[in-house]
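Taking the hints into account, I'd like the entire structure generated from these sequences.
There are 2 protein chains.
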Amino acid sequence: MNIGIVGLGLMGGSLAIALKKFPNKYKTFGYDHNLSHIKEAIELGLVDKIVESFEEIKACDIIILAIPVRSIVKSMNDMIGVGENVTIIDFGSTKKEIVSSIPPQIRKNFVPSHPMTGTEKTGPTASIENLYVDKIMVVCDLEQSGVRQQEVALELFNDIGSKIIQMDSASHDNSVAFISHMPHALSFALVNSVLVQKSSDDILALEGGSFKSMSRISKSSPIMWSDIFIQNRNNLLLSLQSVKNELEKCEDMLKNDDWQGIHDWIEKANRLKGIL
Amino acid sequence: MNIGIVGLGLMGGSLAIALKKFPNKYKTFGYDHNLSHIKEAIELGLVDKIVESFEEIKACDIIILAIPVRSIVKSMNDMIGVGENVTIIDFGSTKKEIVSSIPPQIRKNFVPSHPMTGTEKTGPTASIENLYVDKIMVVCDLEQSGVRQQEVALELFNDIGSKIIQMDSASHDNSVAFISHMPHALSFALVNSVLVQKSSDDILALEGGSFKSMSRISKSSPIMWSDIFIQNRNNLLLSLQSVKNELEKCEDMLKNDDWQGIHDWIEKANRLKGIL
Numbered sequence: 002m003n004i005g006i007v008g009l010g011l012m013g014g015s016l017a018i019a020l021k022k023f024p025n026k027y028k029t030f031g032y033d034h035n036l037s038h039i040k041e042a043i044e045l046g047l048v049d050k051i052v053e054s055f056e057e058i059k060a061c062d063i064i065i066l067a068i069p070v071r072s073i074v075k076s077m078n079d080m081i082g083v084g085e086n087v088t089i090i091d092f093g094s095t096k097k098e099i100v101s102s103i104p105p106q107i108r109k110n111f112v113p114s115h116p117m118t119g120t121e122k123t124g125p126t127a128s129i130e131n132l133y134v135d136k137i138m139v140v141c142d143l144e145q146s147g148v149r150q151q152e153v154a155l156e157l158f159n160d161i162g163s164k165i166i167q168m169d170s171a172s173h174d175n176s177v178a179f180i181s182h183m184p185h186a187l188s189f190a191l192v193n194s195v196l197v198q199k200s201s202d203d204i205l206a207l208e209g210g211s212f213k214s215m216s217r218i219s220k221s222s223p224i225m226w227s228d229i230f231i232q233n234r235n236n237l238l239l240s241l242q243s244v245k246n247e248l249e250k251c252e253d254m255l256k257n258d259d260w261q262g263i264h265d266w267i268e269k270a271n272r273l274k275g276i277l
Numbered sequence: 002m003n004i005g006i007v008g009l010g011l012m013g014g015s016l017a018i019a020l021k022k023f024p025n026k027y028k029t030f031g032y033d034h035n036l037s038h039i040k041e042a043i044e045l046g047l048v049d050k051i052v053e054s055f056e057e058i059k060a061c062d063i064i065i066l067a068i069p070v071r072s073i074v075k076s077m078n079d080m081i082g083v084g085e086n087v088t089i090i091d092f093g094s095t096k097k098e099i100v101s102s103i104p105p106q107i108r109k110n111f112v113p114s115h116p117m118t119g120t121e122k123t124g125p126t127a128s129i130e131n132l133y134v135d136k137i138m139v140v141c142d143l144e145q146s147g148v149r150q151q152e153v154a155l156e157l158f159n160d161i162g163s164k165i166i167q168m169d170s171a172s173h174d175n176s177v178a179f180i181s182h183m184p185h186a187l188s189f190a191l192v193n194s195v196l197v198q199k200s201s202d203d204i205l206a207l208e209g210g211s212f213k214s215m216s217r218i219s220k221s222s223p224i225m226w227s228d229i230f231i232q233n234r235n236n237l238l239l240s241l242q243s244v245k246n247e248l249e250k251c252e253d254m255l256k257n258d259d260w261q262g263i264h265d266w267i268e269k270a271n272r273l274k275g276i277l
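Protein sequence lines, in the order shown, are assigned to chains A and B.
Residues are numbered in the working numbering as their position in the first sequence, beginning at 1, plus a constant of 1.
Residues are numbered in the working numbering as their position in the second sequence, beginning at 1, plus a constant of 1.
Keep in mind the hints are simulated off the structure, nothing from the lab.
We put the CB at the ideal spot given by N, CA and C, even for glycine.
Take these hints with a grain of salt, some might be off.
Claimed, not checked - Listed below are the simulated DSS-like cross-link pairs for lysine-lysine, each with C-alpha atoms no more than 30 angstroms apart in a straight line: (1) A:136 x A:274; (2) A:199 x B:245; (3) B:75 x A:122; (4) A:109 x A:26; (5) B:199 x A:269; (6) A:22 x A:136; (7) B:59 x A:274.
What the hints assert, rightly or not - If the Cβ cut is set under 7 angstroms, some of the chain B residues that face chain A in the computed set are: (8) 198; (9) 202; (10) 207; (11) 218; (12) 223; (13) 226; (14) 264.
And the structure:
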């Protein structure tokens, strides 16, 4: 099967690497707006062939949209006209707005998905082998995809070693707001707050591991994440309110010198030990 | 030199391990209120000798207080009466309240220090070799320590491979509030917010790396951290206000659909790439 990968960054590039294990099953075609991405992808030998026209992507059996979520929505109309057997898979971190923007005539072609994996790094050089192995692939609103498309997508996800779970797109967006998008907002807020108050020397001197953990994802791509934040605005606002409530509890306990309250609040967070 | 280690958890235990490289220079004596800690320390062979009375600790050449910061303050009076050549080093994560609680008659004995290293794990079994190697050791208000004590402490810190920096205790407390204490509060708040809203299954399914980074330090000890939060209350409140301001900026931009503003806010956080 010919598989057209739109976007040769971390997600698309790592998918291309994963598919090299199946040279007789998948042939990869890469497409990217960014010329330096194309150059890097060629140097790294990420895909079997770089294509320059989107029509060549549309002629593939499988199309992967591994681009920022706003670009996924913008590219919807370009995909009208694909053959009825073509499977289109997007890797967007938000799902509801993407799903509602799919033109009805290609709805069955589409399998909206979200691989729960990644790093803070971007571009073709960030691609790594085994990015998808043993990682969750969320597939949303699967009943609205064509039967053939369901089979093709699930087989592909199995081939790259993902663990598949199904979810409706509204639940997905609410859950990832809390478990992924709001934590990113916290990390951006932390770093912006610290960079205003403290010098690089202070940070380097006093960084003992905790700041490094908490700031790692603040290095994430501004384009990718501003797209995600805007598309999942309402859920993100809910989750930000929820974490601010917790911070205000902490502030109140500090002001009241409530050692026991703070102790119990931290102990409650410790319950995570039984989960992760 | 005999070195008495009060508290055989992660910090004290790891120090004992580090000193095993100098069998002819340092002999380690361990003291802990917690009987299961003593049992584990014996099983792990952490120290050369376990002692049961604090008087035996007071007879050592160097005393290390590797206990929660409130316990350090509480133990001050117990240390009155040490010989004038004894060096007392505390490893507390706050410094100002500890420094101001040192009885004047042992002020020269004292070298207030803060090793910028650790993990979220606790107890003797958490002890690791090389915990201090190439890590910063902050030494506060050093001019108030005796000349001999300064030499003994700095030599010890060199021996375990730490990089020493000096700071006054007020600056220390303000800086670590932003770089360490507030990030812990963020992690506790994040996890408490998510545990209320989401099931363990959701967390396990949708955790793609970012939540793991952001939640790691939420597993930290409630006793240790409620002590730190209370002792560094004012600086922590300042830093919480600062991070909440950033979160509110983010909320305002979301409400105003301000893609460019969010993009620029994230890009500002990306400046960390040049630092860490």
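Next on the checklist: Against the 30 angstroms threshold, does the CA-CA distance of residue 199 (chain A) and residue 245 (chain B) hold or violate the hint?
Outcome noted: holds (17 angstroms)
Checklist entry - Would the stated hint for residue 223 (chain B) survive a check requiring a Cβ distance to chain A of less than 7 angstroms? => result holds (4 angstroms)
Item to check | Straight-line alpha-carbon gap residue 109 (chain A) to residue 26 (chain A), limit 30 angstroms | outcome: holds (23 angstroms)
Item to check | chain A contact restraint on residue 207 (chain B) - CB to CB distance below 7 angstroms | outcome: Result: holds, 5 angstroms to nearest chain A Cβ.
Checklist entry - If you take the shortest Cβ to Cβ gap from residue 198 (chain B) to chain A, is it below 7 angstroms? => result holds (5 angstroms)
Next on the checklist: residue 75 (chain B) and residue 122 (chain A) were given as a pair; does the straight-line alpha-carbon distance stay at or below 30 angstroms?
Outcome noted: violated (47 angstroms)
Item to check | Proposed proximity, residue 274 (chain A) with residue 136 (chain A) (alpha carbon, max 30 angstroms) | outcome: The hint holds at about 20 angstroms.
Checklist entry - Would the hint on residue 264 (chain B) stand, with a C-beta cut-off of 7 angstroms toward chain A? => result holds (4 angstroms)
Checklist entry - Is the hinted pair residue 59 (chain B) and residue 274 (chain A) satisfied, with a Cα-Cα distance of at most 30 angstroms? => result Violated, at about 37 angstroms.
Checklist entry - Would the stated hint for residue 226 (chain B) survive a check requiring a Cβ distance to chain A of less than 7 angstroms? => result holds (5 angstroms)
Next on the checklist: Using the nearest Cβ pair, does residue 218 (chain B) come within less than 7 angstroms of chain A?
Outcome noted: Holds. Min distance 5 angstroms.
Next on the checklist: Restraint: residue 202 (chain B) near chain A, CB-CB cut 7 angstroms. Satisfied or not?
Outcome noted: violated (9 angstroms)
Figure legend: structure checked against the earlier numbered hints; hints not met, in rising order: 3, 7, 9.
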